[in-house]
Structure formats: C-alpha cells, structure tokens
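Visitor: So the chains spell out like this:
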Amino acid sequence: MNRAAADLGRLGVLVNAAGTDVPGSAQELSLADWERVVAVNLTAPFALTKAAMPHLRSAGSGLVVNISSVAGRRGWAGASAYCATKFALTGLTQSLAAEGREHGVRVCVLYPGAMSTSWGTFEPAQRRGRSEVAGDERESLDPAVVADLIAWMATAPGQPVLNEVTVTPLHEGGWP
Amino acid sequence: MTDPGGPLASTGVLVTGATSGLGRAVAVRMAAAGADVALLGRNGRDLAEVAAEVTAYGVRAVPLAVDLVDSAAVGGW
Numbered sequence: 001m002n003r004a005a006a007d008l009g010r011l012g013v014l015v016n017a018a019g020t021d022v023p024g025s026a027q028e029l030s031l032a033d034w035e036r037v038v039a040v041n042l043t044a045p046f047a048l049t050k051a052a053m054p055h056l057r058s059a060g061s062g063l064v065v066n067i068s069s070v071a072g073r074r075g076w077a078g079a080s081a082y083c084a085t086k087f088a089l090t091g092l093t094q095s096l097a098a099e100g101r102e103h104g105v106r107v108c109v110l111y112p113g114a115m116s117t118s119w120g121t122f123e124p125a126q127r128r129g130r131s132e133v134a135g136d137e138r139e140s141l142d143p144a145v146v147a148d149l150i151a152w153m154a155t156a157p158g159q160p161v162l163n164e165v166t167v168t169p170l171h172e173g174g175w176p
Numbered sequence: 001m002t003d004p005g006g007p008l009a010s011t012g013v014l015v016t017g018a019t020s021g022l023g024r025a026v027a028v029r030m031a032a033a034g035a036d037v038a039l040l041g042r043n044g045r046d047l048a049e050v051a052a053e054v055t056a057y058g059v060r061a062v063p064l065a066v067d068l069v070d071s072a073a074v075g076g077w
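Protein sequences, first through last, are from chains Y and L. Heads up: the first sequence is residues 1 to 176, going by my numbering. Heads up: the second sequence is residues 1 to 77, going by my numbering.
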C-alpha cells in the first residue's frame, strides 16, 4: 500500500471491487471454500482499507467504495458464503465510515444487481439458473454505467454522502 | 507527462479486481476523469492490458499483481 501510495503521489480513492464466489449449497461447500470467499470478499477490503486509511486521513479527504451486491441485502440458496460476506461488508462499511468521518474520509457501500460481467468461476449464463434470483434475471447492468456512478461519487463534493446505494436494472429478479 | 486535466487530476485511485468486470470498468472510468490508477489483480498479462487502457488517457497506471486470497500478503503489502 505504501508503495502504491508513493507511486500514485496522492491516494484519494479506494474501490474494493474484487469479489469471488464458490457455487453450491452449504452442504456442498467445504470449509476451505468458505474461507476463500471470506478472504477475498471480506478480509481483503478490511486489510486494504486499514492500510489506505492513514493516507486518506493525511490528505484530509478521501473515499472508499466497497462493492457489495444485492446478495448483501437478501440471502438465497446456493450462495451462503457469498451472501454472508456481502452482508458483513455493510457492517464493515458502517464502522469504517464512523471512524473516517472526522477525518473527512467517506466510506460507502454499493449494492449492484445483476451485471453483464464474468467473474470467479462463473459466466453470466452459468449464474442464470444457479439460484432462484439469477433464474429470474431478465436484464443486467452495464458495468460502465455503474462505474460512472462510482466516478460521480469520487468527484462529488463532500456533502451529501451516498452512504449506501442499491443499483439494479429496471427488471431485476434479485431485488427487492 | 502533460497534465491530462479532468475532475480527478492528481488524485490517486486504487482499484481491486481491476482486470475484469466492474473493477476494470471503474479503473478505466477513473483514468478518463484524470486520476492516476493503481490496479490490483492476479493475472500479470491482464493487468498489463488494463494498464495500457489507463495510460491511454495520459495518466499513470501502477499495476500490482496480488492474490487477495493470501491475507498475509494483503496485510503486509
């Protein structure tokens, strides 16, 4: 982190966008699967935000955006580890926001619905039909549009703060 | 390097998951707004590809090959 901050000059924004999933019911998930999802989706945002915070604080302003999912607002079958880590990201975000506030550091959580991206071991087509939520999927968000929203959050004045944002396609099976 | 300008000029942005999906879109979008961007991802070749997209906007890219499964590496890095 120190190297990244030094190379960048000033670190002002951290976007925790990395995420992973291991498919299957809780009966099918091994403890190692669980720990892998926890490491990437929850431990990494904690460790990275912890490392970034001194840089953001010293600048007197900054923004951390944690990318959750509608799976961070509602649990469904076949995604116990994923949903658990995404819910946990909300608590992490709120705690860090409370700690960062007096230093001008905003910490926000974004809950996107279905996006037209491939990640982890899934292609969008594989995600469809994997769960009741994905089975309802009729549209997906263009990641470029969600990136526009995050860029807006980064360039917006200090007030108001978008603490939590749920963004979905108009027709989204996963939310509400 | 010429100053690319933009609302995020001289701001550093660190993006994880930068080689695909939303992370990649965010990295490129931030670069378009003038930010210098540190890119975290696992795959060096993919990182180089995104870094090229970022630097095309006249800003700096700092590619960092890190596997976020390795919490010791994440914490110590």
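Quick caveat, the hints were computed from the structure, so don't treat them as lab data. Predicted model only: the values in this text are computed from it and were never measured. Even glycine gets a Cβ: it sits at the ideal position worked out from N, Cα and C. Certain hints may be false.
Which residues of chain Y face chain L? A few of them, derived with a C-beta cut under 8 Å, are [what the hints assert, rightly or not]:
1. GLY19
2. ALA39
3. VAL40
4. MET153
5. PRO157
6. GLY158
7. VAL161
Covered by chain L, per the in silico footprint, the following chain Y stretches (three or more residues, Cβ under 8 Å) [claimed, not checked]:
8. 5 to 15
9. 73 to 85
Visitor: If any of the earlier hints don't hold here, list their numbers in rising order.
Guide: Numbers 4, 5, 6, 7, 9 - these are the hints that the structure violates, sorted from lowest upward.
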